[in-house]
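Colleague: Start from chain A and add chain B according to the hints.
Each chain, letter by letter, is given below.
Number of protein chains: 2
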Amino acid sequence: MPLGERAGDKSDSRYCGVETEFNEDMPLALSSNLSSGFDFLLCPLVNGSQLSALSIESLAQSALLPFAGSDLVLTPSQWSSHVVGKVSSWIDLDSDDELLRLDSETTLKQEIAWASHLSLQACLLPRPPGPSCANYARCVNQLLQGLNNMQLWLRVPLDKSDEDAMDGLSNHVNDTWEWWNSFRLLCEHHSQLSIALDVLSSLPSGNSLGRWFGEPIRAAIIHTNSFLTNARGYPCLSKRHQKLMDGFFNHSVQWTSQMREVFGDELHLQLCCVGIARNPLRPYLDYVGYLYQRMDPLSEQERFEIGYRDFLQAPLQPLMDNLEAQTYETFEKDTMKYSQYQRAVSKALFDRVPDEKASTITTVLMVVGAGRGPLVRASLQAAEATGRKLKVYAVEKNPNAIVTLHSLVKLEGWEKVVTIVSCDMRRWDAPEKADILVSELLGSFGDNELSPECLDGAQRFLKPDGISIPSSYTSFIQPVTASKLYKDVKSHKDIVHFETAYVVKLHSVARLCPSQPVFTFTHPDHSTKKSNQRYRKLRFEIPSDTGSVMVHGFAGYFDATLYKDVHLGIEPSTATPNMFSWFAIFFPLRTPICVPPGSPLELQFWRCCGSTKVWYEWCVTSPCQSSIHNPGGRSYWVGL
Amino acid sequence: MPLGERAGDKSDSRYCGVETEFNEDMPLALSSNLSSGFDFLLCPLVNGSQLSALSIESLAQSALLPFAGSDLVLTPSQWSSHVVGKVSSWIDLDSDDELLRLDSETTLKQEIAWASHLSLQACLLPRPPGPSCANYARCVNQLLQGLNNMQLWLRVPLDKSDEDAMDGLSNHVNDTWEWWNSFRLLCEHHSQLSIALDVLSSLPSGNSLGRWFGEPIRAAIIHTNSFLTNARGYPCLSKRHQKLMDGFFNHSVQWTSQMREVFGDELHLQLCCVGIARNPLRPYLDYVGYLYQRMDPLSEQERFEIGYRDFLQAPLQPLMDNLEAQTYETFEKDTMKYSQYQRAVSKALFDRVPDEKASTITTVLMVVGAGRGPLVRASLQAAEATGRKLKVYAVEKNPNAIVTLHSLVKLEGWEKVVTIVSCDMRRWDAPEKADILVSELLGSFGDNELSPECLDGAQRFLKPDGISIPSSYTSFIQPVTASKLYKDVKSHKDIVHFETAYVVKLHSVARLCPSQPVFTFTHPDHSTKKSNQRYRKLRFEIPSDTGSVMVHGFAGYFDATLYKDVHLGIEPSTATPNMFSWFAIFFPLRTPICVPPGSPLELQFWRCCGSTKVWYEWCVTSPCQSSIHNPGGRSYWVGL
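Chains as they are written, first to last, in UniProt numbering: chain A, 1 to 640; chain B, 1 to 640.
Isolated chain A (complex conformation) (with noise of 0.2 Å):
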């Protein structure tokens, strides 16, 4: 039974189990939890006592001896929807005992082998015995090679906290996000390794726990002794838990949005009774449920990029290719963009025209890459909010938006005032020169979509002393985990995937620092030796109650100053709200690059112009040295 209703979320973060041990009697199991409101059991496959070596060999010699009860207790559909399978947990594959490491193995292959064949659609892996767990996770990826669908839960203890050496004297960081990271890395970023939470009663530093959040975490579980009572004697939990569980209720929604037919692939929360009777764990429940339910419902701007969260997307080449109506379409309902630009024009309009002269000059504005109109009404809007006169010429280079530019003009009657101009604005023989030049040529990098080039071309028509609105603006980036985006980049097994930068709703991904500013472009330049070639060498500080970070790569955002105060971005510190034209872009690493807690991280980055194409280089230099990503644009590049 779900936890709630939220509206718009239709994720499997609402669904709750309950940790058991291993029950005879499943279907009775099964039947009282799911009757007390629970959705599912998390429970031993097999009657956990330690199977002795000796046992084990006559096993296998005898291949005859169950060592579980039947398949036929519950119906298969039970089974793959209420049951999550718990691996022994005394397992050790690396223990110094070699007797006890071969019994772990053959164990652990035996109990995920029947869990297959009861297409469970998850199981639950004991917790390393540590960050060195290299038998186990060569174990573990053995299984995950020749895996069906399931989906494999590393249990981890959510905990970084300083542990006395035994000497007394020095201490050390037992940060279990580094058990997570050995583990995974051996096996690669396997999609079908996962993460089960164990929340503790004590949570790390806010930045620890940050980290988490761009890593594949596909259940959490809540002891009840992680809870607190309230007044009334009802369990309740600290605001920080509180603050975590939010998260987990948040990040769950982008697993489902993107992989609905997989159970697995979803959050779950699960209390633990370990040692209590059943029924009292019902208060916890209500808790639980409780807090989903008062979360704010998903806003109209959530609702529209939940679909697109995650996924990544070839950035736009809207010089090379012209764009599609619903292209357009969409980016034209973004009317907080436009009410900005009208904004930005309005102020260019008093400090051009003073209001004596209002009636008298007659204000040359020229919209470069006019599309289908948006930005001649916004400019239309402003002339007409600040009583100035304007004349308007839309230059667009795409034949079929100027179809639909021409049926705007007469439909609004705009034909005495607005020049529509069939052309590339770099090509241009324009009459006359402009007052202000307004245009949106603006990527998810600023830059990346070819602005500069174009407004270099455009600038010869724009009188000395005239505007160009944006007048400059300024790509920024930052670090982020981001295991999700790095395995669908990786799937593709190439090189060129990795040398891309993708367009994406950035949402299962942890942000490691602020962002820092990259390359700037300012418009009109009038400099005699200009050049759009930038490089740039950064240099971010990690916080150092961070821990370990894996960086698979660079978030991108860029922030344009339209005309003095008004501005637009997306960078997510000064972001411009409500605002849905620009997901964040992309940057990835070809391999993920681990940085220990202290040591800066600097990237180097490049933006490189040839005579036909426009392209991004990037490395990074510390704490190690990856390879040149993209050399002379020959993954990925946009064409002038």
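Some hints here could point you the wrong way.
Given that identical chains are not distinguished, each listed pair holds provided it fits within a single copy or across any two copies.
List of simulated lysine-lysine pairs, DSBU-like, C-alpha gap at most 35 Å [to be verified]:
| id | residue 1 | residue 2 |
| --- | --- | --- |
| 1 | K109 | K613 |
| 2 | K537 | K490 |
| 3 | K487 | K537 |
| 4 | K493 | K505 |
| 5 | K487 | K505 |
| 6 | K109 | K529 |
| 7 | K530 | K109 |
| 8 | K493 | K613 |
| 9 | K613 | K487 |
| 10 | K109 | K537 |
| 11 | K109 | K493 |
| 12 | K490 | K613 |
| 13 | K490 | K109 |
| 14 | K243 | K333 |
| 15 | K463 | K613 |
Since the hints were made in silico from the structure, they are not lab data.
Modeller: Leaving out everything else, chain B in the frame of chain A:
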């Protein structure tokens, strides 16, 4: 004119050039140097005063101004055989001065384009400014993407010295190997990027020098001021320099045998004559020629192996496949191996049969895997030498070898002593039990051709107190720098080749520390619970004076105890001399791992057994985590 003759050596390490300044009269400069005994010129292609930003701009605009002499001053074959180009050394692509950076980029591209136009075999790139040279590397990497066959030699001083820091307190090691390492990582180990090593008057430690022999050194540049003067006033080199020169002479050989057609792939020696007249260099050339000619001629074994140096071969699958006659022929020629076997059998016969019973006791000896009979012969020779009576069973699964075996027995008149059994030893139903079991089933890594599995099967027909020859064997492994092998594996552009072990005559390889034992098998093994699975964690400490190193993979060897003190093996420190049946084995790493000084290198190694195959898995877990290579034997395995 080559330096002289050395038996068996046809390499270009015999060629010696002169580094000069730009010369207006190229034909004269070339002819006067060739007549002095040199083979080529290393010289600038452009009159090297720095072009100002302005002149470059005007150049680009006019596209007419000549910046170098005509290509007609030399013939095409003179350009390509006798000239190595030298890029202007003033360029600084990592300067803080943006203008200088941009000028440098233009100049570098222009000069490389000119050198390509002249079809030069190689161009020398100026030394990087230090370990931070990302923009230089980015620019070179772009050039490498579209280069013809020309090699680019990066000039690197051979230096690893302590440098006092600004503050006078700390000091910092200036290790130029790290400059090279940064550069080539940024350029992804590009195969056309190699090293011209500037040999200075003082040399780093032996361990530190050793690293360079795993790198693509194509030229060594020796300054005249690195020479000493002997009693008679002639130039000579220090003992340590002489040893280094021997190393260079030896290492060029490999490149010759592999890539004879490409001049740029050879090692050249160059004398630097900056600032002094030309004729005075002749005594230096004579001295270098003397060093070359006094080297020992290549041994017979070296001449046999020369064609196999650094050439990767798939290991044999002798159990699944039948060996061909040619393979038997080659291995049977290894007299050293069989004389060791004969010694071992002799000792076993002495132990088994006291002198007084020599004429009454007949020892039953079974050769399992008899092939075409070399071990039968060695055993009979041992019997004769010791005066013991022998009954031999020669068991062989390859029906083709059986044919030859029958003819051998007939030819030698061994019919009464030798019984031939055409059968797989694992399935043979022996008529009696053996005193001695002799086999040669070892691969380069000991157990990698499944000797353990075969002998487990054959052990049934060994008497309880019987002897197995070999009685045990151990595999050994050590980390290596091997950029040539890494590039060859990488050229396949798939994972399979990175998860395969190769048999290879290691040559251009730096062995970074002593090898360590991995797995040991002992025969006979009468323990009840035995398994041929193995797991080993190894920790290598690289000598701290080495500096940082790059580990491209691991070299594997074996050592076998045939009987008591008679051993056989290829582990470098204990290798049996004059034996050529085995080359080393090489386990690559998908991502080479850089180990900083003082960091241990942890390798984990598994031998895994399935019902139809045996395979290895391996991973590095310190200083960083690799993926587990070859999970489930997906890429490389040996069939049972």
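Colleague: Report the numbers of all earlier hints that the structure fails to satisfy, in ascending order.
Modeller: none
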